[in-house]
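S.K.: Residue numbers are given in the working numbering: position 560 of the sequence shown equals residue 568, and the series is strictly consecutive.
Hints in this document: simulated from the structure, not taken from any laboratory.
All figures in this text were calculated on a predicted structure; none of them were measured in a lab.
C-beta: ideal position from N, C-alpha, C; glycine also.
Hints should not be assumed to be uniformly reliable.
In silico SDA-like cross-links for lysine to any residue, where the CA-CA straight-line distance does not exceed 20 Å [as the list claims (entries may be wrong)]:
#1 K114 - A525
#2 K493 - A551
#3 K596 - N479
Restraint ranges, calculated between C-beta atoms of paired labels, are given here [claimed, not checked]:
#4 H248 - E421: 27 to 35 Å
#5 A271 - H248: 22 to 30 Å
#6 K302 - R352: 31 to 39 Å
#7 A271 - G296: 21 to 29 Å
#8 D621 - R570: 55 to 63 Å
#9 F392 - G280: 39 to 47 Å
#10 D490 - D462: 32 to 40 Å
#11 E110 - D621: 34 to 42 Å
#12 P291 - A571: 45 to 53 Å
#13 A251 - S149: 55 to 63 Å
#14 H279 - R240: 20 to 28 Å
#15 R422 - P291: 47 to 55 Å
#16 A341 - D464: 26 to 34 Å
#17 E626 - A551: 27 to 35 Å
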Amino acid sequence: MNSRILSIFLLTVFAASAARAAEYHYTMLFSGHVGGEHVTRIANDGSITTDFSYRENGRGPDYKEKISLAPDGTLQRFAISGKSTFGSLVDERFERKGDRAEWSGKVDHGSMKISGKALYVPIDSTIEVTGIIMRALIHESSAKLPGIPGGELSAIKLLDTTVTNGKETQAVTLYAMRGADLEPDYVWMTADGLRAFANIFPGFAQLIMKGWEAQAAGLEQQQLQAQGDYQRDIAKRDRHELAQPVLIKNARVFDSEHAVLGAAQDVYVNHGRIGAVYPAGSPSQAPGTVIDAKGRALLPGFIDMHAHVSPGDYLLNLASGVTTVRDMGNDNATLAVAMGRLDRHESIGPHVVPAGFIEGKSPFNASGGILVDSLDAAKRAVDFYAQRGYPQIKIYNSFKPEWVKETAGYAHERGLRVSGHIPAFMKAEDAVKDGYDEIQHINQVLLNFYVKPDTDTRSLQRFTLIAENANSLDLNAQPFQDLIKLFVAHKTVLDPTLTAFEAQFTQMSGELNPSFAAAADHLPITLRRGLYKSESEITKEMAPHWRASYAKMLEAVARFHRAGIQIVSGTDDFAGFSFQRELELYVKAGIPANEVLRIATWNGATYARVLADRGSIERGKRADLILVDGDPTKDISAVRNVALVLQDGDAYYPAELYGELGVMPFAPALKPN
């Protein structure tokens, strides 16, 4: 039986089975604990309905779908309703009538002429739609099909395996689907290719058929190995080892300590370190590689101080000039594997400085890191991180307020910095007094003025209280001024993550996400559509108040900066592009661009405790460097125009990295002469 006939046969088998009533259950797991479920119900007429809901870290989506399939196994009709993770309403519909495809919803609407088989890619959907798309692809001889409203989807088979739950054995296959996102989507299918078996997001969550939960961890490890092979191939293509020493001539060097862009100089790199900085045009002694910067700005590699490391972020970070990230919470074992792969160049991505995540056990706790149920357990967690060389810990929402002071003191004795969210039923001012060296997120700081003793900020209230009230906050009044003085007295650092709140507080459904407006036209259409989806359900009546609250958040950050409080640039959002936007928002708030660049380099290295070997362009430091078209001290948006990245002296060309992701580059590659 040839492959084309086999594909038709298998789809016919599925269509016949779909015409019989059936029900499929999936379990959503976070760190091995059940957090939600998905249910697919197939009626006698073949129509499909789904219900999907989970809660993690006090939030999560609720989706319902109605699906009808065309004879070729693709979507004939599709509808989804419900709410997103942060509460925005979800309402999207699709229908294909002959050669006409039409879609509509809160985000966008459109139609197009289609000939032959094609796959609609919804903005929001569940594992059921993922399985339908993957099934159509793997039973296509080319494993490729056009997407609606654009692009192309493809599937690659990665590995076959079997799982056993003690009652039965199931053969499953891992596939990578490309074209729906910047990075591949990994999907476990039953070996016959007829149904999705699992969606696994390593280190975060696992969605797997009910009854097979105990097998999720094993599948995750196999998936990580397959993903590692994919990353290794990219590393071989896009990491360029240059002949040593390297001369970067005619570069305007940014002095990050003093926030000054100087005159042109020649910078020498040898075996991963900065060898020397000479006046431009100085005689050189037989360099192995020469790169003529032609007056471009040369900056230390950027440091994103609020990341959650994932392989899907690696290329975006490097392409945008982020050569180091501080990981602010992850599955510890998964993170250790990722850091090892990066150190061995089996993956290419930023250096990682880990923060030890400590969360209290509760019905609302976040996953990852170490969960504790006592002060003694918290101290053991501190020792776990101290013994592995972590420079700091991060305390999270469900941590008991009464544990903070002693835990912070214990961490300081072990040489670790202390940062985090403000635990529920506590105020920022109390966390500072109890030993916090740094606070994550400007909303966590401003909640100081709105929480009451019984306010539970493990819910969405940690966002809505600020959105609804901060617009009237008087920054000249004594309470805010007292908080400023407290930060100054304790030398407390602020990690504001303004980008993380920009769309959440300002974007109405159907409007372009302002954080990605500058990048939107460079992105594939499937991803670009999602930029019009709002995170929060903001009505016309709400919008002026929420937007005024966001403006007040920017103003508050500027006030902190003017008072001498140190700021670090973190994102907690989509890698790369969010970092660039974070810097733009600091300038919008009123911080001069040259000071913003200091925050993005010198401050990051200082408070990640890596200033000894990065963060400035000095002899002996790591050769983590970026060349930028334009003058970012005058126009901060020039940081988007990265022409060349050096990390430990190896060259990476953003144009190539973006090409791996289907993103149009922002600047032409600058290669050696």
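S.K.: Evaluate each hint against the coordinates.
M.R.: Now for the hints, and whether the structure bears them out:
no.: 1; hint: K114 - A525; in the structure: holds, 19 Å
no.: 2; hint: K493 - A551; in the structure: violated, 32 Å
no.: 3; hint: K596 - N479; in the structure: holds, 17 Å
no.: 4; hint: H248 - E421: 27 to 35 Å; in the structure: violated, 45 Å
no.: 5; hint: A271 - H248: 22 to 30 Å; in the structure: holds, 28 Å
no.: 6; hint: K302 - R352: 31 to 39 Å; in the structure: holds, 35 Å
no.: 7; hint: A271 - G296: 21 to 29 Å; in the structure: holds, 26 Å
no.: 8; hint: D621 - R570: 55 to 63 Å; in the structure: violated, 31 Å
no.: 9; hint: F392 - G280: 39 to 47 Å; in the structure: violated, 30 Å
no.: 10; hint: D490 - D462: 32 to 40 Å; in the structure: violated, 23 Å
no.: 11; hint: E110 - D621: 34 to 42 Å; in the structure: violated, 57 Å
no.: 12; hint: P291 - A571: 45 to 53 Å; in the structure: holds, 48 Å
no.: 13; hint: A251 - S149: 55 to 63 Å; in the structure: violated, 45 Å
no.: 14; hint: H279 - R240: 20 to 28 Å; in the structure: holds, 23 Å
no.: 15; hint: R422 - P291: 47 to 55 Å; in the structure: holds, 50 Å
no.: 16; hint: A341 - D464: 26 to 34 Å; in the structure: holds, 30 Å
no.: 17; hint: E626 - A551: 27 to 35 Å; in the structure: violated, 47 Å
Consistency with the previously given hints fails for numbers 2, 4, 8, 9, 10, 11, 13, 17, ordered from lowest to highest.
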